[in-house]
Amino acid sequence: MPENVQAFNNTLNQGIKSLNEALASTQQTTSTTATQSSKRAKSGYLTGAQCQNSLGKTKAQIESMSNETLTNQRAYALSSMGATYNFYLSDVSKRSVDLAGKPKDYPSICSLTLESNKASAKVLHWNII
Numbered sequence: 130m131p132e133n134v135q136a137f138n139n140t141l142n143q144g145i146k147s148l149n150e151a152l153a154s155t156q157q158t159t160s161t162t163a164t165q166s167s168k169r170a171k172s173g174y175l176t177g178a179q180c181q182n183s184l185g186k187t188k189a190q191i192e193s194m195s196n197e198t199l200t201n202q203r204a205y206a207l208s209s210m211g212a213t214y215n216f217y218l219s220d221v222s223k224r225s226v227d228l229a230g231k232p233k234d235y236p237s238i239c240s241l242t243l244e245s246n247k248a249s250a251k252v253l254h255w256n257i258i
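In terms of our numbering, the sequence shown opens at residue 130 and continues consecutively.
It is worth saying that the hints were derived from the structure and are not from the lab. In this text, all values refer to a predicted model and were calculated from it rather than measured experimentally. For each residue, glycine too, the CB sits at the ideal point set by N, CA and C. Some hints could be false.
List of simulated lysine to aspartate or glutamate pairs, EDC-like, C-alpha gap at most 16 angstroms [claimed, not checked]:
#1 Lys223 to Asp234
#2 Lys171 to Glu150
#3 Lys146 to Glu192
#4 Lys251 to Asp234
#5 Lys247 to Glu197
Derived CB-CB ranges, DEER-like [to be verified]:
#6 Ala189 to Thr140: 29 to 37 angstroms
#7 Leu228 to Thr200: 25 to 33 angstroms
#8 Ser209 to Gly230: 43 to 51 angstroms
#9 Asn215 to Gly185: 33 to 41 angstroms
#10 Ala178 to Asp227: 24 to 32 angstroms
#11 Tyr205 to Thr176: 37 to 45 angstroms
#12 Val221 to Asn201: 23 to 31 angstroms
#13 Gln181 to Lys146: 29 to 37 angstroms
#14 Gln143 to Ile257: 55 to 63 angstroms
#15 Thr198 to Asn139: 29 to 37 angstroms
#16 Gln181 to Glu244: 29 to 37 angstroms
#17 Thr176 to Ser249: 20 to 28 angstroms
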């Protein structure tokens with residue numbers, strides 16, 4: 130093989146290897162980012178298991194799980210007896226019929242009642258609606 134053709138072949142092979150390595154690292158980063166973002170809680174949502182295991186958890190822990198700040202305005206019901214917050218469930222739905230008469234899945238709701246509206250208040254009752 131002539132020397133200049135062999136040099137061209139080596140340069141081309143190195144370029145292809147570099148390109149493949151760059152593509153592989155980009156795909157790995159993209160895949161990791163997508164996985165991490167899918168694990169993040171959707172704001173205002175809980176899972177069915179999180180709802181059922183919420184008894185005794187503090188308001189601050191619920192805020193962390195739901196990725197949302199629970200304010201007086203956010204409360205479904207607020208009284209001297211406690212505070213109730215409703216959350217959509219990301220993994221539990223109910224089948225119903227929409228206004229056009231077509232079947233549709235709607236997210237179920239987790240209703241949590243806390244002993245007060247303080248950050249240290251604990252969940253007294255949970256209910257899936």
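Which numbered conditions among the earlier hints are violated in the structure presented, ordered from lowest to highest?
Checked against the structure, the hints that fail are numbers 2, 3, 4, 6, 9, 11, 13, 15 and 16, while the rest are satisfied.
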